[in-house]
Every structure is written in C-alpha cells, then in structure tokens.
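The lines below spell out each chain.
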Amino acid sequence: MTEQTAARPEVSRRRLPGVNPVYVLVVALLLAIFIMNPAFGEPTGYMNFLKRVAALAILSGGALYVIVSGGFDLSVGSTMTLTLTVIGSSMLASNDPNSTYWIIPLMLGIGLVVGLINGLVVSYLKVPSLIATLGMMITLNGVAFMWSGGAPRGYLPDTFRFFGRFNISDVPLIGILPVAVICLVVFGTILWWGMHRTNYGRMLHAIGDNPQAARLAGVPVQRVRISAFVVSALTAVLAGVILGGRGGVSVDIGSGYELQAITAAVIGGAQLLGGRGSVPATIAGALALEAIFTLLNLIGLAQPVRLVVQGLILIGAVALATYQRKRAGR
Amino acid sequence: MKKTLLAVAILGMLTGSAFAQAPNFDDPAEFAKQREQLTATFNGPADQPYLQYAGDAMVDTTEFKKEGPWTVCFSNAGVNNPWRVVGYTNMTEEVKLHPEIGTFTHVDAEGSDDKQIADIDDLLAGGNCDALIVSPNSTAALTPAVEKACAAGLPVIVFDRGVTTDCPVTFVHPVGGYGFGIQAADHIIANVPAGGNVLMLRILPGVDVLETRASGARNMFAEAGLTVLGEEFTDGDNAKTKSIVEDYLQRGTIDAVWMDAGATAVAAVEAFEDQGVDIPVVTGEDQQDYLQKWRDLGFKGIAPTYPSYQWRTAVIAAVNTLKGEQVPGPEWVLPQPAITQDVLDQYINEKMPPLHYAMCGCEDMETYPEAWGGTK
Amino acid sequence: MIDAPVIEMRGISKSFPGVKALRGVSFACARGEVHALCGENGAGKSTLIKILSGVYRPDAGEVLIDGKAQHFSHPQNALLAGISVIYQEFSLLRERTVAQNLFLGREPLKNGIIDSRAMITETQRVLALFGIRHRIKPETLVADLDVASQQMVEIAKAISLNAKVIVMDEPTAALNEAECEVLFALVDRLRASGTAIVYITHRMREVTRIANRVTVIKDGEVTASFDTVPAPEVIVRAMVGRDISEYYPEPAAPAEIGKPVLTIAGGSNASLRDIDLELRAGEIVGFAGLQGAGRTALAMAIFGAAPLTAGTMTLDGKTVRLLTPRDAIRAGIGMLPGDRKASALVLMQSVRDNGMLTARSFAHALGRRNSNRFIGIEGMDGLLDQMKVRAPSYEQEMRFLSGGNQQKAIVARWLALRPKVLIFIEPTRGIDVDTKASIYHLMRDLARGGAAVMMVSSDLPEILGASDRIVVMRDGRIVGQFDRTATEAELMLAATGEAAGVAA
Amino acid sequence: MTDTPLTASKPPRFRFDRHASTILLLAAIAIYIVLVVALGQTRFLTLDNLVAILGRSITLGITAIGQTFAILVASIDLSVASVISAAAVVTSVVMNGEPSMMLPAILAVLSLGAVVGLINGLVITKLEVNPLIATLGMSLIIQGVLSYYYNNFAGAVPAEFQVFAYGSVGIVPYSLIFMFALAGLAWFVLRFTRFGSDIYSVGGNQDAARLAGIKTARVVIGAHVICSLCAAIAGIYLASRLRSGAPWIGAEGVYDLESIAVVVIGGTVLAGGRGGIWGTMAGVIIFSLIDSIFNVAGVDAFVKQVLRGIIIIAAVAFYAARSQRPVA
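In order, the protein sequences belong to chains F, D, H and A. Residue 258 in my numbering sits at position 258 of the first sequence, and the numbers go up by one each step. Residue 1335 in my numbering sits at position 335 of the second sequence, and the numbers go up by one each step. Residue 2263 in my numbering sits at position 263 of the third sequence, and the numbers go up by one each step. Residue 3282 in my numbering sits at position 282 of the fourth sequence, and the numbers go up by one each step.
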C-alpha cells in the first residue's frame, strides 16, 4: 500500500502500484458470483446486490471515522434499533405518510445525542471506547425495548420506506436504479470527502495515529474525537433508515451490525487503534462481506461454513496487511 | 493461516469423532398424535380457547390448597421477541383478574439457561413463593432447577417449552410444532400442483418447537411430490429474508414459501412485490402485519398459530392449583387453530401494532387493546 | 596491558529505512577496562549498543564474546552471554516495585515460587552500593520515584546482574554531582573486580575521569580510537569532524536582540517554583540542567500543556493565560517536543500531512486539506524543500524517514505558522551531524527574523555553542543565568547545586 | 522527559485506582442491604441467599479469571463464548451419559481449550494480528465448526457429573468452592511465580520486558492458553449445570463481553499491566449483586438492561476519569 518512488511529491499514493487487496477481493468475488449465476450480470441482479449492501456500506463508512480516530463504536447497531424501532415506528410514524419529513431529522437528532454522549464519555470520563460503547449498546437496546414495550408499535409509512425499498425504473442503460443505491453514492461521497479531502479528515487520522502528538500540534483532540462518534451515530441512523425501508422494522434490526461494520473496515485495510483507513476501501470491504455471503449462498454452503469462512478472511486480511506493512518497513 | 486450518481440523476431529445423534425431531407417532389433535374437539367453554383442553386427564391439587393472598413467582426465559411480549402482557393482565394473587414476582433470564437456573435458585432462596410458573429457556437444561423447585414442595406450572420431568403439576402447551408445520404444509399442498417449488424459510436451527414444525412439513412435501428448493435460515432478520428470496428468484420460480415462524413473512412477500413477481402461496403466522398484507394483496395465505393465550392459561392453572381445584394434567393441551381466508377478517385489527399476535385470546379483557399497544 | 577483549564487534553495519546507521564499525572492550564510546547525538552509539544487547540484528559484521561468535536474536541471549545494559530511555516498569524491576525476568525462586524476601534483601544490598538504601525502598513503586532515583534503579538493575560486560548509555543524565561521584566510585570498583565497562557519554569530563580507552563514532563510522585518553579537544574534534566555529552559527549581535516577547513572573505549578523569565526577540536562550530539573516542565507550562498555577505570563506586553496548547499556538507559541516519536510525529501519515498538521488544526475543519489560510500545499512543499527534507516523495509515510528528516519536517510544521516564540526541546537528539548544523542555523534564522527561541538541551556543548544566553534550572527553579562565555564546568556546578550561578 | 518531583521520593500517595473495585463492591453491597431493608424483605439477607447470589455467576466468574490474564498482558479474548459452547458440547457428547467417560471428556475439553488458546496466541504474536480481530475470527471459526456438527443440545452428562454443578458441602456448592479455589490459584500464579510477574511486565511495557530478557511472545501465548482453558472449564461447568451442551449457550450468556466488562470494572486496565484477580472477583460479585438487586426490587427486564449499561460505564468512569493517560 505504500509506494516507494522517487517521483516528485505530486504523485498520489493511491494510484501507485500496490492496490489495496480488498479491491481485488471484491472483483474476484463478484466475478465468481457472475460465473455461477449469469443473471447477476443483469441490472436487476447487481442493482439488487448494491441495494442490499447500501446500509452496511454507509454504516461501515461512518464506523471507520471512529476506527481511524483510534476507537471502537459498538453502539451503532443499537442506535439503528433505537431510532428505528422507537422513534420511526413506535412513537410517531404510525401510518402517517407526512410524518417522514420530520421523523428522519428527529432520528438524526437522537443519533447526534448518542454520538455526543459516546464521545464525551470517552473524551472526558476517559472510559475506553470499547467499554463505553458496549455500555451504550446495552443501554440503548434496553431503552428501545423499554419505550416500545418489546415490539414495534407501528408501521413505517411508505414515504419512509422509499429510501430503502423503492426502485426508480426505466433508467437508461441500467434499467432500474434503487434509491438506496443513490443514497449509497451520495453518503459514500460525503464520507469520502470528509475523511480524505478536508482538514478534519487529516486531523482525524492524526489523533488516531498519535493523540499526544496531535494535542501538542494544536489539534483539538477532544472535539475531533467526539465528532467521530457523532458521525458514526449519524451514519447508523441513515443506515437504519435504509435498512428499515428495505425490510420493515423488528426489535433487533440492528443487532450484529456493529461487528460487521468493524469487519468491513478491517477487510478494507483500516488499522484498528487508529491512524489509517480509507472510506472507498471500507465500502469495498462491505461489498466483499455481502458478496461472500451471496456466493456461499449460491454454492449452497451451510450457514456454519459461512461463519468459518468469515473468520478466516478476517484473520487473513489483517495478517496480510500486517505482513505487507512490515515488508514495506524493513 | 496454516495454524488456523490446523485448529479447524483439530476441532473437527474432536467434535466429529464424538458425533452423537441430535435430539429426534422426526417422531412419526408424535406427528400422528398432533395431526389428530388439530381437528379434535376440546373440552371447555367454546368462546374461551385458553380454558379448553384436550383429553380428560385431570390432576388433583388439594395438597397445594392455600389461603390467599398468594405470592406467585414466574421465572421467564425472556421477553426477547414480540410473541413473548404479547404473551407476557396476556399474563400480567390475567394476574390482575385474580385478587387472590397478592404478589406476582417476575424474574427475567434474558434468554440464558444459566441465568434462569440462578433465577430459580434466587426465588427458592428468598422469594417466598407459593407457586412457581416456569417458561423454560430450554428443556433439558432447566429440568434440574424445576426438579429442585418441586422438591422444595412448591406447585410448579410449566408452559411453552417443557421439561423432562413429570414433577410439575401440569405442563401447559398448545398442540405443538408438528401441528403448526402440518397446517402450513397442507395449505401449500392444496394450492400448488405436484412438481412445484417450495422455499422453506427458517428462523434458527436447533430450537425444538421450530425443528418439529420443519420436519413434519418436509416429509409432507416429499410425499406430495413438491420440490423443496432449499431450507434457509433468516435469523428472523427481514433484510436477510428479502435477500434470500431475491437470490432464489433470480435463479428460478418459487411456487410457495413455507415459513416456520411468521416474523419475516411480510419481508418475504415484499421481495416478490419489489421484483414485480406474482405473489405465490406464502404461509405466515398470526402477526397483524402479515394478516393485513395477506388481505391487502390477496395472495393465498394461511396463518397457523402458536397461541399466545397459553400465557393466560399458565396463570389460571396456578390459581386453580392454589385453590386446590383440579387442573388438566399432567399435560394441559390447548387448541391450536390456524387462521384461514374465511376467518381472516375477524382477526385483523388495524389499531393493533404490526407484530401483535392476533391469536392472543385477550380481546375479552377490559384493558384490551391499550395494554397490548393498540388504540381503541 | 589488558587481556584479550571480552566483547568484540567487527565490521558492524546496520540500516534503517532512510538511513544507514552504522557502517563497518569495530569495537572491543576487555576485562577490567572502561572503554568510553563517544559521539554526537545520532552518531550511531545507541544502535551499536542495541546490536550488542540483541535488540537489533546487524546487517553485516559479527559480535564475539570471549572470542566466540554470537548470534543474538533476543535480548535474553545477550543477557545470558553476560552483557547488561543501562538504557538511556529507562526500561523500568512504572507500576511495579523497585525490587520487582531489579529482578525483572529473573526473579529468584524458592521451591518454584518467587522468593520475595530474597528479592528485597538483594535489592537492599545492591542499593547499599550506592549509599541510597535509605532513599529508595525496595517496595516503592517506580512511578513514585523521582527521575534521579529512577536512574539509580536502572543502574542498580544492570549492576545486580553481575555481568561480564556492563554497558552504560549516558548514565549520569539525571544525576547530580554527588550521585555522579557515587557512580564513578562504583565503576572503579567494578573495573577493579574485572568487569568490562562500555561507557557512553558526550561529557568530556566523565571521559577524563574514568575511561581507559576512547572510541569515537561519527555518522555511523569510527572516526578515532585512542588507547589512552587524549585531551578533550582531540576527542571533540573527532566527534564533530570540523571546526566548532562553522558548526554553530554566529551569535546574535547585541543590536539584534529586541524587546521582551514573553515574560513570566513568579510562575509556579506542581513542578515549578517561582520562575522569573524573559525571552526576547532575536535571542536564543539555552536551558541547561539535569533531567527532571524542570526545564521541560517550564516549556510545557509556556506551551499550555501543563499550565502554570500561579504567577503571571505576558506575551508582547499583554497578560495571557494559556491553558491548552491550542491557546498557546493561537497566541503565537510553538514547541518541538524532545521525544519526537511519542509527542510530535504522526508516523503513519505522510511527510506533508505531518508538516501541515498544525496549520490544518487552526483552519476551517471542513476546508480543503490542500490549502488553508496559513499555508497551501505548494507552500508546505516549498518549506520542506527549503528545509532539505530528504524523502522519495512528500507523500511518503513519516515512519520511513530518518530522525533528522523527521525533525526537519516538524520544524516546517511550525515555520508555517510564523511563531513569535518557538521552543525546541532536545532539538538534535537522534539526529545526524549535518542536520544538527542546519537546525542550529535555522534557529538562528528564526531569531534573526524576530522570534524568541527557547532551547532546552542536555548537551552542554550545544547549549554553549548555540545560545545567546543560558538559563540553568534545578529542582524546578531557575538557579543561574549565564552568557555564552560560560564554561561547561560552571554550568554543571550550577545544575548540580554545588554553586549558584552568577547572573549574566 | 517526565517531570519533575521536587523531593527525592514522593510521599506514597493514596492509589485510588487500586482500591476502586473494593469501593465499588462495598457500594453495591450497601445498596443491596439498604434496598432489602427498605423493602422490608429481610429474608433476602440470609446465608442461603448469600450463597445463591455468589453462585449466580460461576460461569462468568471462571471465564473472567481467564480473561483477566488476557487483559493483563494487554491482549483481549473475544472467543471465550464460543469456547464455552464448544467445551460444553464436547463434554456432554463425549460423556454421553457414561460415567466412565468423564475423565476422557474433561481431558479432551482441556486440550481443546489449550489448542484454541495456543492458536490465538500464535496468531497474535507471530502473525501480529490485532487481538480483537484474531479472537473474533477465532470465535467465528469455532462457532461455525460447532454449528456444522450440532444444532441443538447434544449428548448428556451422567448424573455423577452433575455433582460438579449441583453438589454442595452443607449449603456451599462445590462449584462455588471451585471458583474461589481457581481464583486463589490464579492469584498465586500472578503473585508468586515468574510467569505471573512476566505477565505484568509484558502487559506494562512490552519493550522493557523484552530488554530484560523476557520472551514476550511466550508470555502472551501463555496468557491466552490460560484464558481459553478457563473458558473451557466454564464450559465443562455449564454442561454439568445444564446437563448437556448446545452450540449457542456461550453466545446466549454473552460471556465474551460480560467477562471483559467485569474484568475492567474490577480495576484491570485494558491497556494491560495493572489489576488483578481479586478485582475481577469483585467485579463478578458486583454483577451478581446487580442482578439480585434487580430481582429483589422487581425491576422490569428492559429497565434492568438500561441500568446495567449505565452501571458498566459509570463504574469504569469512576476511576478511569482520574487517569491522565489518553484513551480512545
């Protein structure tokens, strides 16, 4: 991933040889799916696939902010559950199509508060983020159950489900274009821009790389760290909107997504404990995860085998990245 | 990497070498018994299914007769899914109907066997219980704890999943998993010509009530000459359910979707809807969202049930026991009706939450529907 | 005169990404001798020692012990071969007791369990050699000791091994005069008992005092080797490799020194007492003192990282309260930390990102990363060019650069903000000789440009060569001020408390 | 570069973080007693009830003892839940109701634990994979292999073996004695053996430990072997308690995250090198007490969860807030 070149500094790192292995992985997996199931090559095939992956991809992109800043966010799944079950369906939405326009901002508001609390607890109470967000995860799941009484209390109106469910049809060239895919492109771009094209993104890398050095260089470490948790929580809400739109609500809709998001980022080459990570590669990581499931499904492998494959890929990806870095370093 | 593979190999050897037969979920005798019970007539008042029972066997409970007010303790496996939420509401509302119950102590094991055993220990150590109701998280694991409670002289009522001891006063449960599977499979066989493709969607492997639902249906499809495209586990996740159905649709036609539980039935229906494909036969359960979807889209549906009114029955059994009255036992088998097209409308109530289980037997209570999250 | 060498290193070479740290270095030390290894910061002494102690493996060359070739793959091999090292950066565990640290990894066992009593007795015995039995209790946590005591524990740890060879890497950095004398007496005793001692220092006084032989390295090569201790000037010339006069820039002419930029009156906090200080535009002020004397604490206080709790500070005549580094930077103060790796560098980021970091921190967070109101990417590249940062590309990750180039990139970070006050802490630690000279010139250029420069250094020649004025600190106080004509001896006396300095 | 004490040796200050777990434990006990008295339910103050409380969390306790080793050495183990499941299943399958198979089953399970720990340790030290990822991956692999072969309770333990979970001396269950004996053994290892000392050293500062000649990789691997062994023992206990093992019982008890939580609440620092077994045991008892308090007070299951989450954060914040180290 690091280049060794004598060229002048203008040459960008990302374009140089060592392609991030995750891209190779994704292409290989998609090809394999295509070979096994040619229908995948048609717009409905791959668009359905992208639609399916949109929520996880956006979520992972947000989770990457926290990972790059040197922390973990285990509360994203429960944030999805909370905002979706409680606010989206239970308290407000019950079948009123017009409510969507203010419910989504309200959900984002709650996400903001959750992210702020996570960030404040980690920054000022100095609770390690693993524990802080674990506590938050348990708490939010409890709150979701408490307020909803254990089951969703209402339906999501179609206007709400638009983002995760609706396909725009008769689009030239590709036939159908799911709204979720548009969301993926839009939010993916925003996340990419924030991480890789702004001063903020560079500061985020710096605090994950070496918080002490960042502090002494004048980086507002606490503020940047808190904002990373906020971004993560907000993307969790967005991912929740898409996921809820796709499948409708259930009380455990977000469970397990926290680890999947971290997994996607790690497969995308992000460094746990901070300092390194790429939004496009993380999105590719999410694609790879989903593609693995789809492929194993096609092959007809049993669920347990999928777990084993996922475990091996996870360890393998990190071991490979470590090996590559070490070789570049010595 | 090599080491990891080695680990897998070793683990494989260790587990594989000691391969033992999993519990038997394909029991023809039980299957036949349940098939019969589905259509049998039940004793008890016709409009109160939660008081009905199959057979005539009764248990004498005079030894437990006690003056009120009583403390009734309930060790719950968990309220971790909507069915249990509805059931638990049934139960608390039923408790309110019995002034003799002075204290109702509820401890929640949050879905953990280990914790539920500890909870029962806690109740025995300091709970002052006059009767103990147990909804076991799993059958074998909770048996010692239940035995311990029996040995302490408490009348124990078990419901939903059973235990492998007959020391409880009675075990309250509906007909059972085979029955559920039979109702759904019968409906599919009746509506899909031989040679049709059936997709079986499952929640989780290993849960006894769900395994029996599947094994019965699987055999029936084979007999009827239907092709089972696959048996897929959805983890009760709507999004995943949708993905699975989409993937199968890409590869061919589906004539029917059989489900072992209704939680994700709507997602399966939507997958067809979103692909612009005609909705085939899709079986579900008595959740409001499925019933309404079924009515609105007019596909050929059926909703076998696993009635949540058994939670009421458990309380009633405890009360009767403490009164010293006879209760049906050692098993109190409740009827397990399926909701069919003819009776669909009477179970739909749009004022109820989407995952309300219509077969709750709770409409006659005063606090209905608010206590269940509905509106008048 | 002396036996065959106990240790012998032949033709050792070692490279790191971006630097060739050692080139064909040979070195030997015999039983009963003290062999001084001299060299500037960054000359390669520490790398050589780390090869000797099994931390690094050499790219070429061999290490012989008692004439037998060794292949150390782990520090344990070196320990077992009889080599013990007093590291410059302490290798103590702060949360463990003195006794536990002394016996780290080789706790005495009795019936398979750790014999705590033996550990404590033995610790007391070793500490008694220093005459510090009463000062340091074996059961005290290292974290509760002051820096000098920690240094003593570090020394005691190495000595308690009863090794054939003891390597001492600048063991006196934190010790006062009396403590140094105790150490020298100990060294004499060890030598008499036949231990081979490799003594690393750049203090000529110590070389003269205890060494039998001297080897000088510069830029990773042996430049001189003496079988008897020559005059200090000879050693210094071998270390520096050219005339001192070129090495350090011209001092400031009196006219160049302007009005006070920063003043502190009665400044105190947990580590500082009654600091009265004036830093003037155009002037470089060197801060001398032992480790832990409060120099770094003062720098941190000015920079807002560990603020003063009492006293006043003014900047350009206005009273300021700087509670965080951000406050300080906003007010125009910059700082280059001494421990670059821990406190300055973001190693996984590019050279350019390291340079831009502070400018970005004060620009709009969502602004473009390539330029902001302080500096654009071209401006930063220009600065890096001007600093002669050697990197294949400024997109290169920082971790691949040599210490000198890293330091230059950090200097560029501050230059981009044009600070009024720039604090350098140990500016040349771990930096090659050429870069050192350029850092000194840069400090001078900054001062000429009107900035006030504060330099904290443990290297007395550097203090004397690069400063216009010298402040000596001890125990959190300023104990003396000197002009650049002072001698090393005068500074040492003031720093160790034997005599008060005369105000310049 | 650290500064600058003014006296030769600082007066030994009160080390708050070393006593925090005791303070928390006392606070939990006090709350429990106050609550019980306030609710007039003094029957909860009997010896029987004390034993019931202590006996609540044997599985968690045994697992947490192992987890303490992993965290002390600055690692972490997310695979314990899967190991528990695997161990329980192997126990009950190998025994399959035969008393004569008890010993082979235990040996098989212990070797399983040792192998898993060894692989975890090797992946972490030799492949240099972050411990969270390494053990998460391991967890998925074990879970996958296990569920491939079994999807329900499998096998059964003989009645003789249930004595482990259900037998008692007087009113004190064997399992409780066993847990405290194991804790005592762990304490002994950490306090009195060179290996224990090495664990603190490697966790405290891996570089310093290496310079002192400690083979750091071996220590990390050793800690992981102990951690997995403890998880395996917890699985054996659980099989005895549940009469059988199923592939989900570890995940169902959330023993991975809970064991980490109790270790941290017990004052062991996630960064390694500081803490100890008795803190962990205090953490375990605090968790049991919380459960009991909730049961006594009749707290709704959902509210219970909310409170538990807040308590975890608050307990850790209780002493972490004072630390000067940056965390992330």
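If you are wondering where the hints come from, they were derived from the structure by calculation, not from laboratory data. Remember, predicted model here, so these are calculated numbers, not experimental data. Where hints are given, some of them may not hold.
Estimated spans, in silico, between C-beta atoms of each pair [unchecked claim]:
{"#": "1", "chain 1": "F", "residue 1": "Ala-302", "chain 2": "D", "residue 2": "Ala-1032", "range": "22 to 32 Å"}
{"#": "2", "chain 1": "A", "residue 1": "Ala-3271", "chain 2": "D", "residue 2": "Thr-1164", "range": "42 to 52 Å"}
{"#": "3", "chain 1": "A", "residue 1": "Ile-3033", "chain 2": "D", "residue 2": "Pro-1069", "range": "44 to 54 Å"}
{"#": "4", "chain 1": "F", "residue 1": "Val-113", "chain 2": "D", "residue 2": "Gly-1055", "range": "50 to 60 Å"}
No more than 25 Å apart at the CA atoms, straight line, and that leaves these computed lysine-lysine pairs for PhoX-like [to be verified]:
{"#": "5", "chain 1": "F", "residue 1": "Lys-126", "chain 2": "H", "residue 2": "Lys-2341"}
{"#": "6", "chain 1": "F", "residue 1": "Lys-326", "chain 2": "H", "residue 2": "Lys-2341"}
{"#": "7", "chain 1": "D", "residue 1": "Lys-1148", "chain 2": "D", "residue 2": "Lys-1323"}
{"#": "8", "chain 1": "F", "residue 1": "Lys-326", "chain 2": "H", "residue 2": "Lys-2020"}
{"#": "9", "chain 1": "A", "residue 1": "Lys-3126", "chain 2": "A", "residue 2": "Lys-3215"}
{"#": "10", "chain 1": "H", "residue 1": "Lys-2218", "chain 2": "H", "residue 2": "Lys-2110"}
{"#": "11", "chain 1": "H", "residue 1": "Lys-2388", "chain 2": "H", "residue 2": "Lys-2341"}
{"#": "12", "chain 1": "H", "residue 1": "Lys-2259", "chain 2": "H", "residue 2": "Lys-2218"}
{"#": "13", "chain 1": "D", "residue 1": "Lys-1300", "chain 2": "D", "residue 2": "Lys-1066"}
{"#": "14", "chain 1": "H", "residue 1": "Lys-2218", "chain 2": "H", "residue 2": "Lys-2420"}
{"#": "15", "chain 1": "D", "residue 1": "Lys-1065", "chain 2": "D", "residue 2": "Lys-1148"}
{"#": "16", "chain 1": "A", "residue 1": "Lys-3215", "chain 2": "F", "residue 2": "Lys-126"}
{"#": "17", "chain 1": "A", "residue 1": "Lys-3126", "chain 2": "H", "residue 2": "Lys-2068"}
{"#": "18", "chain 1": "D", "residue 1": "Lys-1300", "chain 2": "D", "residue 2": "Lys-1240"}
{"#": "19", "chain 1": "A", "residue 1": "Lys-3126", "chain 2": "F", "residue 2": "Lys-326"}
{"#": "20", "chain 1": "D", "residue 1": "Lys-1240", "chain 2": "D", "residue 2": "Lys-1096"}
{"#": "21", "chain 1": "H", "residue 1": "Lys-2341", "chain 2": "H", "residue 2": "Lys-2020"}
{"#": "22", "chain 1": "H", "residue 1": "Lys-2110", "chain 2": "A", "residue 2": "Lys-3215"}
{"#": "23", "chain 1": "D", "residue 1": "Lys-1066", "chain 2": "D", "residue 2": "Lys-1096"}
{"#": "24", "chain 1": "D", "residue 1": "Lys-1300", "chain 2": "D", "residue 2": "Lys-1376"}
{"#": "25", "chain 1": "D", "residue 1": "Lys-1351", "chain 2": "D", "residue 2": "Lys-1065"}
{"#": "26", "chain 1": "A", "residue 1": "Lys-3215", "chain 2": "H", "residue 2": "Lys-2164"}
{"#": "27", "chain 1": "D", "residue 1": "Lys-1096", "chain 2": "D", "residue 2": "Lys-1376"}
Where is the CB? At the ideal position from N, CA and C, for every residue including glycine.
Status of each hint after checking the structure:
no., hint, result
1, F:Ala-302 / D:Ala-1032: 22 to 32 Å, "holds (30 Å)"
2, A:Ala-3271 / D:Thr-1164: 42 to 52 Å, "holds (48 Å)"
3, A:Ile-3033 / D:Pro-1069: 44 to 54 Å, "violated (27 Å)"
4, F:Val-113 / D:Gly-1055: 50 to 60 Å, "holds (57 Å)"
5, F:Lys-126 / H:Lys-2341, "holds (23 Å)"
6, F:Lys-326 / H:Lys-2341, "holds (18 Å)"
7, D:Lys-1148 / D:Lys-1323, "holds (23 Å)"
8, F:Lys-326 / H:Lys-2020, "holds (18 Å)"
9, A:Lys-3126 / A:Lys-3215, "holds (13 Å)"
10, H:Lys-2218 / H:Lys-2110, "violated (48 Å)"
11, H:Lys-2388 / H:Lys-2341, "holds (20 Å)"
12, H:Lys-2259 / H:Lys-2218, "violated (40 Å)"
13, D:Lys-1300 / D:Lys-1066, "violated (52 Å)"
14, H:Lys-2218 / H:Lys-2420, "violated (35 Å)"
15, D:Lys-1065 / D:Lys-1148, "holds (20 Å)"
16, A:Lys-3215 / F:Lys-126, "violated (32 Å)"
17, A:Lys-3126 / H:Lys-2068, "violated (30 Å)"
18, D:Lys-1300 / D:Lys-1240, "holds (23 Å)"
19, A:Lys-3126 / F:Lys-326, "holds (12 Å)"
20, D:Lys-1240 / D:Lys-1096, "violated (40 Å)"
21, H:Lys-2341 / H:Lys-2020, "holds (19 Å)"
22, H:Lys-2110 / A:Lys-3215, "holds (21 Å)"
23, D:Lys-1066 / D:Lys-1096, "holds (19 Å)"
24, D:Lys-1300 / D:Lys-1376, "violated (30 Å)"
25, D:Lys-1351 / D:Lys-1065, "violated (42 Å)"
26, A:Lys-3215 / H:Lys-2164, "holds (22 Å)"
27, D:Lys-1096 / D:Lys-1376, "holds (20 Å)"
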